[in-house]
Amino acid sequence: MTGAIEVQTCSRCRSDAIVFQEYSGQHLCGRHLSSSIRKRTSRELRAQLDLPKNATKDDGSPFIILIAVSGGKDSAVLLSMMADIIGGRRDVELVAGCVDEGIDGYRAPSMEFARELAESLSLRFETLSYEEMGYGRMDEVVKLMPAMGDSHVEAKGLMPCSYCGVFRRQGLNALGERVGADVMALGHNLDDMAQSILMNLQKGEIERSVRLAPHTHSKIDGLVPRIVPLRWIPEQEIHAHALFAGLPIHHGDCPHAPGAMRQQSRSVVASLESLTPGARHGLLHSLDRIREIT
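In this text, residue positions in the sequence shown follow the working numbering: the first is 208, and each later residue adds one.
No lab work stands behind these hints: they were computed from the structure. Bear in mind the structure is a predicted one, so any value in this text is a computation, not a measurement. All clues given are correct.
Pairs of lysine to any residue residues, derived as SDA-like cross-links and limited to a Cα-Cα distance of at most 25 Å, are as follows:
| hint | residue 1 | residue 2 |
| --- | --- | --- |
| 1 | 350 | 368 |
| 2 | 426 | 493 |
| 3 | 426 | 377 |
| 4 | 260 | 422 |
| 5 | 246 | 329 |
| 6 | 246 | 446 |
| 7 | 264 | 297 |
| 8 | 410 | 398 |
| 9 | 260 | 245 |
| 10 | 363 | 470 |
| 11 | 410 | 426 |
| 12 | 363 | 346 |
| 13 | 410 | 471 |
| 14 | 410 | 469 |
| 15 | 410 | 488 |
| 16 | 246 | 291 |
| 17 | 350 | 372 |
| 18 | 426 | 300 |
| 19 | 246 | 258 |
| 20 | 410 | 369 |
| 21 | 246 | 422 |
| 22 | 260 | 389 |
| 23 | 426 | 268 |
| 24 | 350 | 373 |
| 25 | 246 | 295 |
| 26 | 363 | 471 |
| 27 | 426 | 380 |
| 28 | 264 | 295 |
| 29 | 350 | 366 |
| 30 | 264 | 424 |
| 31 | 264 | 426 |
| 32 | 264 | 330 |
| 33 | 246 | 328 |
| 34 | 264 | 432 |
Label-pair ranges, simulated between beta-carbon atoms:
| hint | residue 1 | residue 2 | range |
| --- | --- | --- | --- |
| 35 | 353 | 296 | 46 to 54 Å |
| 36 | 336 | 260 | 32 to 40 Å |
| 37 | 260 | 363 | 51 to 59 Å |
| 38 | 381 | 413 | 23 to 31 Å |
| 39 | 336 | 429 | 16 to 24 Å |
| 40 | 381 | 485 | 34 to 42 Å |
Just so you know, even glycine gets a beta-carbon here, dropped at the ideal spot from N, CA and C.
Model the full assembly from the supplied sequences, consistent with the hints where possible.
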């Protein structure tokens with residue numbers, strides 16, 4: 208039939224493919240994509256998380272991993288993968304934690320998706336709001352930004368993400384302290400990592416890239432060590448898996464995000480990947496090499 212869409216078959220079986228890995232040349236069905244993501248996540252967990260056969264502490268309490276969740280696809284896949292891979296260990300407790308920034312129409316519904324997933328996996332779910340931390344709701348901070356820019360030169364031209372990023376990191380630290388976390392897992396994917404590296408290069412701040420998670424072998428004082436098990440998984444694959452697995456995820460975008468430098472870097476990284484498949488992997492490999500020689 209003229210104009211019919213040709214559906215590619217999986218490179219590993221005869222099922223319909225749901226994603227194409229241009230960097231590997233493989234078409235993958237939902238089942239083999241899930242298997243591939245699980246394998247890569249497991250490998251990163253082994254590399255980033257040095258768990259003994261019995262991680263129980265001297266006082267008999269379990270090793271606690273706080274998994275930062277938001278209700279979005281990345282943290283949903285991270286939570287489900289970690290629950291599948293190590294959730295059955297009695298010496299390890301997984302805790303889902305969400306920071307409530309106070310953004311109307313965005314955080315409340317997304318937080319409910321995160322809560323739903325955590326409860327379906329029988330995991331403890333903890334939240335902490337900016338108001339509980341002594342900050343204003345992010346919606347109120349945004350309203351005050353023009354006045355802050357007029358009063359303080361260093362605040363002139365700052366985007367909402369500049370404030371929110373600082374508050375959110377402090378919120379995650381506070382959540383980590385509240386639950387007694389030994390390690391915190393973040394849902395940063397390959398695209399996120401490549402974008403962060405590119406942004407830091409643009410600003411000549413290579414040392415900021417070196418400090419990016421994982422912190423397995425380079426812990427930062429005052430911070431719960433971060434791990435990023437999804438750091439080699441492209442965003443498209445994570446989204447495809449989340450839909451295939453039927454995970455409860457929120458699809459909305461933060462209303463304060465437009466104009467942020469992150470969005471510009473997202474476009475640049477996507478263009479680089481389109482021109483040179485594997486560019487995202489190359490950026491992350493470069494960071495790992497820099498870490499080795501510094």
